[in-house]
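Residues per chain are reported as follows:
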Amino acid sequence: MVTRLWAETAVALFTLAYGLVIVRGATEFGIGWDASGPEPGAFPFYTGLLVAAASLGTLVVTWSKRLRADRAISAVILDGEGLRRVVSFFLPILGFVLLCAALGMYVATIAYLFFAMRVQGGFGWLASLATSFGAALTFYIVIERIFLIQLMKGPIEALFGL
Amino acid sequence: MDNFASLMHGFSVALTFHHVALMMGGVLLGILVGVLPGLGAPNGVSLLLPLTFSMDPVSAIILLTSLYWGALFGGSTTSIIFNIPGEPSSVATTFDGHPMAKQGRATEALSLAFLSAGFGALAGVLLITALSGWVAKFALRFSSPEFFAVYFITFASFIGLGGSSAFKSIVAMGVGFTLASIGMDSVSGNIRLTYEFDVLLGGVSFLIAVIGLFGIGELLLTMEDGLRFDGVAAKVRLGDVLRTAATLPRYWVALLRSSAIGIWMGITPGGPTAASFMSYAMAKRSSRNPEKFGKGEPEGVISPETADHAAGSAAMLPMLALGIPGSATAAVMMGGLMIWGLNPGPMLFTERPDFVWGLIASMYLGNVVAVVVVLATVPLFASILRIPFSIIGPLIVVICFIGAYTVAGKPFDIWLALAFGVVGYAFKKLDYPIAPMILAMVIGDKAEDAFRQSMIFSQGSLSIFWSNSLVTSLMALGLLLLLLHPLQLAWRGARRLTAAHATRG
Amino acid sequence: MAMFRTAALAAAIALVPGAAALAWEPTKPVEFVVTSGPGGGTDTFARVVQSIATKNKLINQPIIVVNKGGGSGAEGFVHGKAGKGDPHRVVFGTNNAYLLPYVAKLAFKPADFTPVASLALDEFLIWVNGSAPFDDAKAYLDAVKAKPSGFKMAGSQSKDTDQTLTAMIEQATGAKWIYVPFQGGGVAATQLAGGHVDSNTNNPNENIGQWKAGQVKPLCVFSPVRLAKSEAIFNGKGWGDIPTCKEAGLPLEAFQMPRTVWLPAEVPADSVKFYEDVLEKVSQTDEWKEFIARTAQTPRFMKGKEFTDFVARDEAANRKVFETEGWVVK
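Chains as they are written, first to last, in the working numbering: chain A, 1 to 162; chain B, 1 to 505; chain C, 1 to 330.
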């Protein structure tokens, strides 16, 4: 279970850190205003600073609501059931991206679609296999054959000489 | 009536069997390109370019522009059905188009989008036909300060639109701005904010951000609610398309206003993406029920679509007459013009009337062909929504990541898309406004460049922004839009106060 | 399986340096890495080569063009460097291949590439607005010298060819401009046509459209000899009628930008030979000659020592400017 308080705090801390990283990167170049206008670092510097300041603002607003015991702020915005559903959808996506990096996009596509349909969707073996292989084949034809763009490939495609 | 005679001649060039067949082929290929997120119109056009080297220039440009129209239409389709903008310029179409699809009104949303887009495109071509000479001269008056003013107006129209907290709006916009400044800074020649990671040299592509924030983020939200698309029950019939078409005249104000905005952004050149955002913002501002926007308001589909296509076609004029590409796709086409031995510039109209007027005539025909072809695909696309979510969801995931990879062929981009997906989910969950963030990513760096170029022009003096009547009026318009919202609030507040006094007294 | 084994065998043979009896041929699709965005000069260059090579069947494998224009092309070179030892990755560029690492902190250096060839030289001219009161380069330069930082020079990008040339003129003559960097040559051309700046140093094909309309006019060309004769473009004058800047009294010999092709480091020597031959054949086709004439570039095929000597000379001349201007990054 996730309450609004903690979600707001986490996101605001993240954007605060992001703003500070940008500020730091911008100081590599001048951040002042010279004869030909703002120096290269000026825009990112002040925008990053603004992001950090506004993130602090969100933090202050969030926690002052907590202190005033505002009901809305301690409300649950993601219950156990929702969290379970999101995670069970997200983890296979993460697996898909990892597989893409390791074994290439075709193998990852087939494995991910098959897993999602057979294991998570409860479809039959035949339907799952047909859909996952069919999708991979369609991508191959459309992207590599028609548009001549090479997708990421791994050792298994190499075996087929692709 | 000189232009009219030339146009008739153009029609005689464009209306051959060969050319109409090329239009159909181009549009179909374009829809395919547009439907795949990441693989945008610029990629599609550059992939076809080598094919055109051996064609005559008129046939070649007809093929390429038809592909462009097709891609614009295809991009709107995925925006509405899956909330994934297939093209940058169809981001604003998702705001109301996708909610409509979720409510089971996919056919209506798609038909409205295509018809209004066709209307916008024709308005754009009509302008080129009638006023090409004047517009080309007008566009020459634009320099960096004027460009900055145009971007400023676009931002100003968007400020104060959303209902979210000011802090969150600032964060969203700031994140967009800073993401846009990663990579080469063309004004100073420095490479900024890459933290010595080579993968960041080319910057963070706005397409990747859109795929993650909209595509993946939306899927995560849908999953959490355990929602299925409600499109299952919706029956799809060709009759529905026609019935929707009959409602279009009702929105004539939105159509005209959005065409004007689109044409203006196409020739100045703010570009189609900025045009669609601005048009959406203006529609919401001038609406009597702004609270309906974002929840499936037809005008929220019509406005960005009309402006997007009006800008896309109007941008052909600066490309032909001045040699400045008004969009990324136009830049590729200009490379083509040079290879075919044509020199974009003021003389192109007199030197190669066959080519120019053949192209303009083909823009009329090509858009009509495109509207007919895409309308015929509406039942097909709408019926995709009937496929169970447990199949279509994972398929969208795969399409998103493959699309992200095709943007630049960088493995890093699929990780980036995943990260944007998580950010998009969290931002939507906590009401961070995503539209200003996208807008900042699209025109943030251009606005910065224009500002700094202006400062080089004036050697650091801000007075350049009111140095001539054109830039002064543009800046004034921007300021007016910026102040409109607080003024409205103050006005309403004052009225409420007086009303309270009146009842008490 | 048998097919796979033969393919592997063929690949193995091709990679063994001693087995040069069989000339090297690509064994998989060839990637043309373009160090500019779609529509840029390098993009057109690579796509024309692609179309000629495909049409005349000079390469027996499909050619795939990839645009990696980020960071003024740095992205493409970093990608090319990553293909170390792989002769299927051909990088197309300009002088940015050896000049970019001077002005920006980048993860590649010229030694990461094997030079293959240069196919043409793109020319630079001084252009002024069509209604400007200057008829030759000398008159314009005198006016600029009389009013330091009173004239504006437009170009594309910063610390790139246009600004380098501007700095060279400044160092040679003592003139001083306000240099305004735009996104590309097209914008620099319209800014000049619209009278927002006083001059630019565009390549011929970037300004020809405006010249035809008389909105801009060329003063001189930075080439050792005049450009090839052409049909009249405006007012009876063509490319061949423009004086060289040396003739016009500017103490600058030449400034030209090569259209270059590179392979990653450590590729087999006969693969370099293969691409040299392909590109030389491309440069002899009528299509190529027509393309060069249309864009008013100077056709000049260089390979081997001639090419590396050119690069060394060009690098030295540019480095001198970078150092004087303080652009060199540590």
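Derived by calculation from the structure, the hints in this document are not laboratory data.
One or more of the hints may lead you astray.
[Claimed, not checked] Only pairs whose alpha carbons sit at most 30 Å apart, straight line, appear in this in silico DSBU-like list of lysine-lysine:
| hint | chain 1 | residue 1 | chain 2 | residue 2 |
| --- | --- | --- | --- | --- |
| 1 | A | Lys153 | C | Lys57 |
| 2 | C | Lys305 | A | Lys153 |
| 3 | C | Lys305 | C | Lys109 |
TODO: List, from low to high, the hint numbers that the structure doesn't satisfy.
DONE: 2
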